[in-house]
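Colleague: Please model the entire structure based on the sequences and the hints provided.
Each position in the sequence shown, counted from 1, maps to that position plus 273 in this note's numbering.
Quick caveat, the hints were computed from the structure, so don't treat them as lab data. Treat the hints with care, as some may be off.
What the hints assert, rightly or not - Just the calculated beta-carbon pair ranges, DEER-fashion:
| # | residue 1 | residue 2 | range |
| --- | --- | --- | --- |
| 1 | V337 | V315 | 18 to 24 Å |
| 2 | A339 | R319 | 23 to 29 Å |
| 3 | A283 | L303 | 25 to 31 Å |
| 4 | P338 | L285 | 19 to 25 Å |
| 5 | E357 | V337 | 18 to 24 Å |
Note that the structure is a prediction, hence the values are computed from the model and not measured. Don't be surprised by glycine CBs; every beta carbon is placed ideally from N, CA and C.
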Amino acid sequence: MAELADAHDAGLLLAAGPLLGPEERTLRGLSIWNADPERARVLAERNPGVVEGRFRIDVLPWLVPAGAMIFHRTRLPRSMAEAESSDQ
Numbered sequence: 274m275a276e277l278a279d280a281h282d283a284g285l286l287l288a289a290g291p292l293l294g295p296e297e298r299t300l301r302g303l304s305i306w307n308a309d310p311e312r313a314r315v316l317a318e319r320n321p322g323v324v325e326g327r328f329r330i331d332v333l334p335w336l337v338p339a340g341a342m343i344f345h346r347t348r349l350p351r352s353m354a355e356a357e358s359s360d361q
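Modeller: Okay, structure coming up:
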């Protein structure tokens, strides 16, 4: 999670988080990168879960008109413990 927080702090990752669904499904998430598809793939492949083979990535270009969405700077949790402590 620290790698995602670092990418967000650098302005490369606009948003990220788990996708909720049935518990029997594999854990999935969504990341929105401020990068072209190849750069986004390179950045996503650095995720320890991807490196260890726990997660796989699919990079899909998302065509959204300029100005249709605004992402505000926030602070992403750097660990599961930090994420769980902020779930209050």
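Colleague: Look at each hint and say if it fits the structure.
Modeller: Hints, one by one, checked against the model:
1. Between V337 and V315 the beta carbon distance is about 22 Å. The supplied range of 18 to 24 Å therefore holds.
2. Hint check: A339 to R319, Cβ distance near 28 Å, so the stated range 23 to 29 Å holds.
3. As the Cβ distance of A283 to L303 is approximately 19 Å, the hint placing it in 25 to 31 Å is violated.
4. For the pair P338 and L285, the supplied restraint of 19 to 25 Å holds, since their beta-carbon distance comes to about 21 Å.
5. A hinted range of 18 to 24 Å for the beta carbons of E357 and V337 is inconsistent with their spacing of about 31 Å.
The structure fails to meet hints 3 and 5 from the earlier list, while all remaining hints are met.
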